[in-house]
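Visitor: These are the residues of each chain, in order.
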Amino acid sequence: MSAIIPVAELGELVAGWIGAGKLVAAPVAVGDRLLYQQLASADQAVFDARRRPANSIKEFLFPRHEPLFRYRIEGRGIELSEVAPEEREQIVIGAKPCDAAALPILDLVFNWDFEDGFYTARRARTTVISLACAAEDEACFCTSVGLGPEDEAGSDAMLFDLGDGRFAVRAVTEKGKALFGERQAEPPAPRPGPEPKFDAARVGRYLASHFESPLWKELTLACLGCGACAYTCPTCHCFDMVDEGNAAGGVRVKNWDSCQFPLFTLHASGHNPRSVQPQRQRQRLFHKFVTYPQKFNAVLCTGCGNCERNCPAGLGVLAVLKAIDGEAMNQDAKEPVQA
Amino acid sequence: MQKNLYKPDLMEVLDVQRQTPDVKSVRVRFLDDGRARDFSFRVGQFGQFSVFGSGEATFNICSSSNWKDYLEFCFRRTGRVTEALWQVEKGDTIGFRGPYGNGYPVEAWEGRNLIFVGGGIAMPPIRCAVWYALENRAKYGDITIVYGARTVADLTFSGELEEWSRHERVRVVQCVDPGGETPDWKGEIGLIPTVLERAQVPAENAVALVIGPPIMIKYTLPVLDRMGVREEDIYTSLENRMKCGVGKCGRCNAGPIYVCKDGPVFTMRQLRSIPNDF
Numbered sequence: 050m051s052a053i054i055p056v057a058e059l060g061e062l063v064a065g066w067i068g069a070g071k072l073v074a075a076p077v078a079v080g081d082r083l084l085y086q087q088l089a090s091a092d093q094a095v096f097d098a099r100r101r102p103a104n105s106i107k108e109f110l111f112p113r114h115e116p117l118f119r120y121r122i123e124g125r126g127i128e129l130s131e132v133a134p135e136e137r138e139q140i141v142i143g144a145k146p147c148d149a150a151a152l153p154i155l156d157l158v159f160n161w162d163f164e165d166g167f168y169t170a171r172r173a174r175t176t177v178i179s180l181a182c183a184a185e186d187e188a189c190f191c192t193s194v195g196l197g198p199e200d201e202a203g204s205d206a207m208l209f210d211l212g213d214g215r216f217a218v219r220a221v222t223e224k225g226k227a228l229f230g231e232r233q234a235e236p237p238a239p240r241p242g243p244e245p246k247f248d249a250a251r252v253g254r255y256l257a258s259h260f261e262s263p264l265w266k267e268l269t270l271a272c273l274g275c276g277a278c279a280y281t282c283p284t285c286h287c288f289d290m291v292d293e294g295n296a297a298g299g300v301r302v303k304n305w306d307s308c309q310f311p312l313f314t315l316h317a318s319g320h321n322p323r324s325v326q327p328q329r330q331r332q333r334l335f336h337k338f339v340t341y342p343q344k345f346n347a348v349l350c351t352g353c354g355n356c357e358r359n360c361p362a363g364l365g366v367l368a369v370l371k372a373i374d375g376e377a378m379n380q381d382a383k384e385p386v387q388a
Numbered sequence: 321m322q323k324n325l326y327k328p329d330l331m332e333v334l335d336v337q338r339q340t341p342d343v344k345s346v347r348v349r350f351l352d353d354g355r356a357r358d359f360s361f362r363v364g365q366f367g368q369f370s371v372f373g374s375g376e377a378t379f380n381i382c383s384s385s386n387w388k389d390y391l392e393f394c395f396r397r398t399g400r401v402t403e404a405l406w407q408v409e410k411g412d413t414i415g416f417r418g419p420y421g422n423g424y425p426v427e428a429w430e431g432r433n434l435i436f437v438g439g440g441i442a443m444p445p446i447r448c449a450v451w452y453a454l455e456n457r458a459k460y461g462d463i464t465i466v467y468g469a470r471t472v473a474d475l476t477f478s479g480e481l482e483e484w485s486r487h488e489r490v491r492v493v494q495c496v497d498p499g500g501e502t503p504d505w506k507g508e509i510g511l512i513p514t515v516l517e518r519a520q521v522p523a524e525n526a527v528a529l530v531i532g533p534p535i536m537i538k539y540t541l542p543v544l545d546r547m548g549v550r551e552e553d554i555y556t557s558l559e560n561r562m563k564c565g566v567g568k569c570g571r572c573n574a575g576p577i578y579v580c581k582d583g584p585v586f587t588m589r590q591l592r593s594i595p596n597d598f
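Going down the list, the protein sequences come from chains B and E.
Residues in the first sequence are numbered consecutively from 50, following my numbering.
Residues in the second sequence are numbered consecutively from 321, following my numbering.
Keep in mind that the hints are not guaranteed to be accurate.
What the hints assert, rightly or not - Calculated Cβ distances over 10 Å to all of chain E for the following chain B residues:
# : residue
1 : A98
2 : E223
3 : Q332
4 : M378
What the hints assert, rightly or not - Computed list of lysine-lysine pairs in BS3-like fashion (alpha-carbon distance at most 30 Å, straight line):
#  : chain 1 : residue 1 : chain 2 : residue 2
5  : B       : K71       : E       : K344
6  : B       : K344      : E       : K410
7  : E       : K323      : B       : K224
8  : B       : K71       : B       : K246
9  : B       : K266      : E       : K506
10 : E       : K323      : B       : K344
11 : E       : K506      : E       : K538
12 : B       : K226      : B       : K71
13 : E       : K506      : E       : K581
14 : B       : K71       : B       : K224
15 : E       : K327      : E       : K344
16 : E       : K344      : E       : K506
17 : E       : K344      : B       : K344
18 : B       : K344      : E       : K388
19 : E       : K323      : E       : K581
20 : E       : K506      : E       : K410
21 : E       : K388      : B       : K71
22 : B       : K371      : B       : K266
23 : E       : K344      : E       : K538
Claimed, not checked - Some residues of chain B that are not near chain E, with every Cβ distance over 10 Å (derived):
#  : residue
24 : I67
25 : D162
26 : D213
27 : D289
28 : C360
Hints were generated in silico from the structure; no laboratory data involved.
Beta carbons: idealized from backbone N, C-alpha and C, even for Gly.
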């Protein structure tokens with residue numbers, strides 16, 4: 050088998066997987082955007098190494114709406130039953146490396162002490178085939194968080210667009226080899242990716258010592274609190290749990306949630322530790338660049354730029370991070386850090 | 321798949337007590353005998369309690385960990401889940417996940433005098449620790465309980481407060497806000513920090529557990545400081561909103577801590593080192 054695959058053959062592979070009963074997801078053209086979606090047929094998949102889908106692949110591991118169990122109410126008694134787990138193998142193909150890289154980061158929180166079996170079961174039966182990135186836009190900043198256009202983190206196999214209708218394929222893990230076997234192309238010359246735009250570690254250090262700062266209000270006052278940043282983020286994973294049903298019974302579900310909503314932290318007493326939007330913006334950045342690194346030794350961000358592109362207020366999370374990094378640099382210049 | 325982390329155990333409601341006009345306590349027992357037999361927890365831990373169809377809410381387990389036949393929890397009627405709980409009666413079935421969180425370091429408190437300071441609905445998470453200390457009486461020194469509520473009718477577990485005060489080396493100081501007293505009220509009148517200061521509680525070798533509204537805690541800390549209680553000996557239990565209880569859903573994160581897993585019990589010294597985001 051050749052390690053070089055013409056696009057038509059790639060389509061045949063995808064069609065074969067779908068035919069074999071696997072769930073296959075890939076970027077699909079929806080209007081003028083690309084969105085990762087589960088494929089009904091192989092010809093829907095768009096393998097464009099120059100464009101980024103507006104959502105992320107997290108929804109195939111951590112669905113936006115996931116039943117946890119069913120309950121039946123019978124008089125004063127309750128009967129609980131498990132929801133039949135999805136057992137089909139799943140393949141995500143054409144994932145951006147910045148989407149694939151989110152998965153090993155999410156593994157940490159979903160397995161911390163208590164294991165979230167819903168996530169880990171999906172993760173175990175999912176194979177991720179990334180498509181190395183051939184272009185970046187002004188919102189991209191993977192290189193600022195230690196990743197890059199060909200980073201293999203979270204990828205079971207990686208495709209490289211050779212620019213002539215063919216892809217080189219490289220299997221990274223056993224799961225990748227199970228799909229592509231002997232196909233082991235040497236990757237083409239690596240691309241540098243976007244210019245680094247800030248220093249994540251320096252941002253983290255600055256944030257940790259500037260919880261209270263007028264900067265928060267100045268930089269984030271434009272935030273509408275819509276949550277688009279969190280919903281399209283590959284690493285945001287906060288969720289709500291609610292009952293959906295009627296007087297006879299129903300199902301408890303996990304739904305995506307966001308720290309950008311005022312109700313997220315509202316206590317029963319009426320006290321709300323984050324009652325205004327700049328506090329909620331601060332929380333999101335703190336969690337990504339301070340809390341998560343402290344707790345799990347990983348930045349909760351892959352630099353995909355979705356928050357930047359999808360923000361209706363043009364708030365520019367990247368602009369916020371750059372401004373913070375600028376402040377941090379000024380401070381470091383004033384008070385040199387002990388080596 | 322792993323055991324379903326989010327599926328509660330079913331519990332039968334054995335008893336419901338109306339504590340105040342808007343607070344009830346509930347006594348429950350696991351339907352599964354094996355689970356009931358094997359269950360253990362530390363005082364200060366919490367559970368996620370379900371009314372199916374309305375959802376789940378987080379409450380401290382307010383019974384002592386020495387009581388093996390049942391659990392108790394207490395709630396104020398204030399939202400969707402607690403409104404549904406308000407309708408629950410003896411014989412109904414509810415759900416429970418837990419125990420979660422760290423609990424009180426009761427072993428480290430051995431040999432110390434204990435000062436409990438609580439306001440309003442904060443009595444339940446103090447009550448479990450008081451009973452635990454009384455049941456292990458020889459291990460603890462003097463016990464002082466300063467408990468206040470807005471009015472006499474808002475005091476929870478009134479009968480137990482009387483009972484505790486009859487134990488040796490136990491002093492119970494009850495207070496209500498000015499205007500909250502009844503003609504036959506024999507306790508103190510005033511806000512908790514003032515009453516605590518007036519009570520002249522001996523503070524040497526003391527550990528304090530202070531639970532209540534943020535404003536009460538804020539004004540109680542300087543009093544404890546003047547009494548000479550060190551901030552590493554002052555404990556509280558945070559009440560952040562939670563959903564999962566197991567460090568996944570992100571809701572109770574404040575600065576570097578996840579309250580559900582790192583807490584809910586912290587010393588004031590620990591809290592001073594993290595951002596004021598709880």
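Visitor: All hints are to be evaluated individually against the structure, with a verdict given for each.
Guide: A quick look at each hint next to the structure:
The claim that B/A98 is not at the interface with chain E holds, since no C-beta of that chain comes within 10 Å of its own (minimum 33 Å). The non-interface label for B/E223 is consistent with chain E: the shortest C-beta to C-beta separation is roughly 21 Å, beyond 10 Å. For B/Q332, the condition that its CB be more than 10 Å from all CB atoms of chain E is violated, with the nearest at approximately 7 Å. Under the 10 Å C-beta cut-off, the non-interface status given to B/M378 relative to chain E holds; the minimum distance is some 23 Å.
Under the criterion of a C-alpha separation no larger than 30 Å, the hint pairing B/K71 with E/K344 is inconsistent with the structure, at around 52 Å. As the CA atoms of B/K344 and E/K410 are separated by approximately 43 Å, the hinted pair breaks the 30 Å bound. As the CA atoms of E/K323 and B/K224 are separated by approximately 25 Å, the hinted pair is consistent with the 30 Å bound. Restraint check for B/K71 and B/K246: the C-alpha separation of about 40 Å exceeds 30 Å, so the hint is violated.
A threshold of 30 Å between alpha carbons decides the hint, and for B/K266 with E/K506 the separation of about 50 Å lies outside it, so the pair is violated. With a C-alpha separation of about 25 Å, the suggested pairing of E/K323 with B/K344 holds against the 30 Å cut-off. Between E/K506 and E/K538, the direct Cα distance comes to roughly 27 Å. Compliance with the 30 Å bound is thereby established for this hinted pair. With a C-alpha separation of about 17 Å, the suggested pair B/K226 and B/K71 falls inside the 30 Å cut-off, and the hint holds.
The hinted pair formed by E/K506 and E/K581 fails the criterion: a straight-line CA distance of about 41 Å is larger than 30 Å. Taking the CA atoms of B/K71 and B/K224, the gap is near 14 Å; set against the 30 Å cutoff, the hint holds. The hinted pair formed by E/K327 and E/K344 meets the criterion: a straight-line CA distance of about 25 Å does not exceed 30 Å. Straight-line distance between C-alpha atoms of E/K344 and E/K506 comes to about 24 Å, which keeps the hinted pair within the 30 Å bound.
This hinted pair does not check out: E/K344 and B/K344 have alpha carbons roughly 38 Å apart, beyond 30 Å. Between B/K344 and E/K388, the direct Cα distance comes to roughly 35 Å. Violation of the 30 Å bound is thereby established for this hinted pair. Our distance criterion of 30 Å between C-alpha atoms is met by E/K323 and E/K581, whose separation comes to about 19 Å. Between the alpha carbons of E/K506 and E/K410 the distance comes to roughly 34 Å, so the proposed pair goes past 30 Å and is violated.
Between the alpha carbons of E/K388 and B/K71 the distance comes to roughly 49 Å, so the proposed pair goes past 30 Å and is violated. Proximity of B/K371 to B/K266 is assessed by CA-CA distance (about 16 Å); at most 30 Å being required, the pair is judged to hold. Proximity of E/K344 to E/K538 is assessed by CA-CA distance (about 27 Å); at most 30 Å being required, the pair is judged to hold. With a least beta-carbon separation of about 25 Å from chain E, B/I67 lies farther than 10 Å from that chain, consistent with its non-interface assignment.
The beta carbon of B/D162 is not kept farther than 10 Å from every beta carbon of chain E, the shortest such distance being approximately 6 Å. The non-interface label for B/D213 is consistent with chain E: the shortest C-beta to C-beta separation is roughly 45 Å, beyond 10 Å. With a least CB separation of 6 Å from chain E, B/D289 falls inside the 10 Å interface cut-off, contrary to its annotation. No beta-carbon of chain E is positioned within 10 Å of the beta-carbon of B/C360; the least distance is around 20 Å.
Comparing the model with each numbered hint stated earlier shows that hints 3, 5, 6, 8, 9, 13, 17, 18, 20, 21, 25 and 27 do not hold.
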